[in-house]
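Chains A and B, in that order, give the protein sequences. Per the working numbering, the first sequence starts with residue 167, numbered consecutively. Per the working numbering, the second sequence starts with residue 2, numbered consecutively.
Think of the hints as simulated: they come from the structure by calculation, not from any bench. In this text the structure is predicted, and so the values were computed from the model without any measurement. Idealized CB from N, CA, C, for every residue including glycine. Any given hint could be a false lead.
[To be verified] Now the in silico label distances, taken between C-beta atoms and shown as ranges:
1) A/R188 with B/T12: 45 to 53 Å
2) A/D228 with B/P253: 48 to 56 Å
3) A/G194 with B/L156: 44 to 52 Å
4) B/P161 with A/R193: 40 to 48 Å
5) A/R258 with B/A336: 39 to 47 Å
6) B/V201 with A/R188: 40 to 48 Å
7) A/E254 with B/A227: 46 to 54 Å
8) A/T245 with B/S333: 41 to 49 Å
9) A/V260 with B/T12: 47 to 55 Å
[To be verified] Here are some, though not all, of the chain B residues that point toward chain A, as calculated from beta-carbon distances under 7 Å:
10) S181
11) E182
12) A184
13) V185
14) W197
15) D240
16) E319
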Amino acid sequence: MLWTVDPASDEPLYAQLVTQARLAVTRGDLTPGERLPAARELATSLDLNVHTVLRAYQQLRDEGLVDLRRSRGAVVTGTPADLTAVEEALARFVAAARQARLSPEATTTLLQEELKR
Amino acid sequence: MNAHHDSPAPTWRRRARRSTLWSTLVGLGLTGAAAAVVWSRRDQLPDQVATHWGAGGVPDDTMSVTGMIVVATATTVGLLILFAAIGLAWGSSASTRRTTAAAAVWSGALGASLLLVTAGFQRGSDTPDTATLPGWALAVVLLAPLVPAGVAAFLVPGDPHQPAEEPVDPAAPRATLSDSERAVWIRRVTGGPGVWIGVVAVAGIVLLSLLTQLWVMLVLAAAMAALFAAMFAFVVQVDSSGLVARSALGWPRARIPADEVLSASVIQVNPLGDFGGWGWRVGFQGGRVGIVLRSGEALLVERSGGRGFVVTVDGAAEAAALLNTMADRARSDAAS
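The following block holds chain A by itself, in its conformation from the complex (with noise of 0.2 Å):
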C-alpha cells in the first residue's frame, strides 16, 4: 500500500500514518494477517524517526487493528468495515456543496463541525 506524510499539514506524523492505516483496513487494502513493513524500513523510506512509526504502530495496537510481537512486527487484525453508504452520502454531500457553490475549504469545515457534535 501507499503511505504518506506531509510535514507541512498540521496533523502530527504519527497519526498521520495512523489514519492511513485505519482506513486500509476499513476498506480492505489491508487484510487480517498481512504484515506492516518494518517500522526500521517505513522510517527510513519517509525520512522519519523511527519512534514516530513504533508511536503509530502502538496506537493501532490500541485500536485493536494490529498485533505487535516481537518476532513477526505488527501484523494486521482489523477486518474490513462496508463503507457503500458512507461513500455514498459523501458523494451527495459533495454534490450537493458544489451546488451550493460552498468553496472546498468551507465544505471541509461544514463536515469537521459535524463530526463535532
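Given the coordinates of chain A, work out where chain B should sit on it, guided by the hints.
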C-alpha cells in the same frame, strides 16, 4: 557531460561482448583441458567406459573413450552457444551478464567434472561392469561446477550508475503528491505457479533419492528448495530513492535508483510467452529483467542504458505513478 552521449550503440553491448567472450573461453578451456587429460590417459581406461548408471550405481550404458569425450565436449559447446547468445542479445542488465557468464563457466566445469570423475574411478579397471558409481561422485559432478560459476558471477562488474539525461516521459502517470509530501509504496508478491513447480521438483528429487538410496541427491533437493524459496517471495518498494525488489530471503535483489528511471507503466505479462517461465527471468523483448511470479498486471520500468525491468505485482498503477513522481523529483534535485 557523459561519454555515452555521443555513442549511438548502447554501451552495454561492449560489456556483454567482453563478459561473454571470457566466460565462453573459460568454459571451453575447462572441458577442453579435462578432455585432453582423459585422452592422454586413455591406455589406462577400459575400451568401453561406463557412462550411465542405474539404481544402486550399477552401470547400464557404456561408450568408447573417444565417444565419451565427443559427447561431453559437444554438450558443453551447445550450452556455451546458448548462453553466449542470451548474453549477447539480452545482456543489457548486469544481472543478466552475470548469470550468463556464470552459466557458461558452469557448463564448462560440468563437462570437465563429468569427464574427470567418470574416467577417474574407472582407471586401471579392464571392464566397465565393475565400475560401480560411488555415491560421492554424483555430488562432486553436480556441486563442484558451482564453485567456478560463483567466481565468474563475482568477476562480472555491476552496472555503473547511469543517471538519465532526458526528463521522465511526460505522458507517463504521476502520483498526486504535494511538494512537501513524502511517500513510500510497499507490496509483497508471493506464490504463483512457480511454487508448485518447485514443490513438485523438490518432492520428485527426494523420492528419487529414496528409491535409488543416493542420499547425496538430498543435497541437491535442499539446494533447489533454497533456490525456490528465494525466487517466489518478493517485497517491492518504491520511495524517493527509487525502486527495490528484494527476495524475502534478502537475495536476490533488484535496485533501480530514481534518477535512472525513464518511465514506469503498467503492462500485462504472460510468463511463458514473454519470459519463458517463472521466477527471476530475462525477457524475450530487449533483455528486460523480470521477477515473474504470475500472469497479468505488472510494473514495467524503462531505465537508462537501454535496460528494462518488470515485476508482476498487484496495484502496479499506483507504484508506477509514484515512481515517475520520484524520478521527477530526482531530476529537479540534481538540477538544483
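Earlier hints that do not hold, by number:
Hints 2, 14 are the ones this structure does not satisfy, whereas the remaining hints hold.
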